[in-house]
Amino acid sequence: MISEALIVSAILFVIGVVGVLTRRNAIILFMCAELMLNAVNLSFVALAKMHNVTGHVFVVMVMTIAAAEAAVGLAILISVYRHFGTVDLSSLRTLRG
Amino acid sequence: MNGFYEFQFYLFSLLAIASALLFVTRKNPVPAALWLVNVMFALAGLYVMLDAPFVGVIQVLVYAGAIMVVFVFVVMLLNLGRSGISDIRSLGSRLGAGAVGLALLANLLVVQRQRIPRVALAPEIDNVVEGVAASLFTDYLVAFELTSLVLLVAIIGAVLLAKKRVRL
Numbered sequence: 001m002i003s004e005a006l007i008v009s010a011i012l013f014v015i016g017v018v019g020v021l022t023r024r025n026a027i028i029l030f031m032c033a034e035l036m037l038n039a040v041n042l043s044f045v046a047l048a049k050m051h052n053v054t055g056h057v058f059v060v061m062v063m064t065i066a067a068a069e070a071a072v073g074l075a076i077l078i079s080v081y082r083h084f085g086t087v088d089l090s091s092l093r094t095l096r097g
Numbered sequence: 001m002n003g004f005y006e007f008q009f010y011l012f013s014l015l016a017i018a019s020a021l022l023f024v025t026r027k028n029p030v031p032a033a034l035w036l037v038n039v040m041f042a043l044a045g046l047y048v049m050l051d052a053p054f055v056g057v058i059q060v061l062v063y064a065g066a067i068m069v070v071f072v073f074v075v076m077l078l079n080l081g082r083s084g085i086s087d088i089r090s091l092g093s094r095l096g097a098g099a100v101g102l103a104l105l106a107n108l109l110v111v112q113r114q115r116i117p118r119v120a121l122a123p124e125i126d127n128v129v130e131g132v133a134a135s136l137f138t139d140y141l142v143a144f145e146l147t148s149l150v151l152l153v154a155i156i157g158a159v160l161l162a163k164k165r166v167r168l
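Heads up: the protein sequence lines correspond to chains A and B, in order.
Counting in the numbering used here, the first sequence runs from 1 upward without gaps.
Counting in the numbering used here, the second sequence runs from 1 upward without gaps.
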């Protein structure tokens with residue numbers, strides 16, 4: 001059951017990575033990052049079953065940091081939308097030479 | 001571990017992977033967010049099957065209940081819900097992303113098979129919440145307090161960034 005959980009975790013992580021590489025909508029990119037964090041949490045919980053409950057403590061901390069990241073990231077997204085009028089990453093090309 | 005638990009474990013795993021695939025292929029951000037909520041719920045079920053009921057509960061409360069609501073709220077605020085054009089990149093970069101994904105998956109599976117030692121399962125604790133609390137408030141107390149500081153900074157930063165005009 002633990003190795004199956006690790007395989008599920010790897011598959012979910014890869015789905016998140018492919019999502020980041022194939023999408024241009026910044027909100028979807030954030031959601032893919034959340035999916036990757038969740039996949040890592042699943043690894044932590046599975047390995048906690050093998051070792052001890054310390055893994056659960058790290059899951060709690062990852063969730064806290066994910067909440068902080070989502071709050072700040074979405075606030076940045078709102079100001080990007082105010083400035084450029086879009087959140088499509090291909091139209092944010094101010095830094096392109 | 002009896003068969004019922006194992007059946008539920010595979011059910012929730014399939015549900016999580018299928019919902020994640022539907023999530024990355026949706027064009028519209030709102031259905032994508034709702035499928036991601038479905039992934040979160042399936043993962044909460046997986047956590048319960050893996051003897052982590054506390055983590056399962058905070059998964060539902062924090063991720064499905066709070067973080068995803070913020071995402072849907074921002075989609076609503078920016079009025080992105082009915083974009084007609086697709087934001088998925090061209091075929092070439094999709095193929096490249098698929099190749100990167102397959103390579104990464106193979107890499108992760110090999111590492112999982114070879115580098116994670118097969119040790120005996122930890123002894124079952126009757127009260128997992130007690131163990132988590134004891135560990136969180138003794139060994140990891142400094143890290144716990146620092147995460148609360150990070151949350152405070154994030155709240156102030158989010159308010160400052162999303163305000164209409166910052167007068168300094």
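Among the hints, a few may not be true.
Covered stretches of chain B, as calculated for chain A (at least 3 residues, CB under 8 Å) [to be verified]:
hint, stretch
1, 11–17
2, 52–66
3, 72–78
4, 119–127
5, 132–141
Hints in this document: simulated from the structure, not taken from any laboratory.
Even for Gly, the Cβ is constructed at its ideal location relative to N, Cα and C.
Each hint, compared with the structure:
no.	hint	in the structure
1	11–17	holds (count 3)
2	52–66	holds (count 8)
3	72–78	holds (count 4)
4	119–127	holds (count 4)
5	132–141	holds (count 5)
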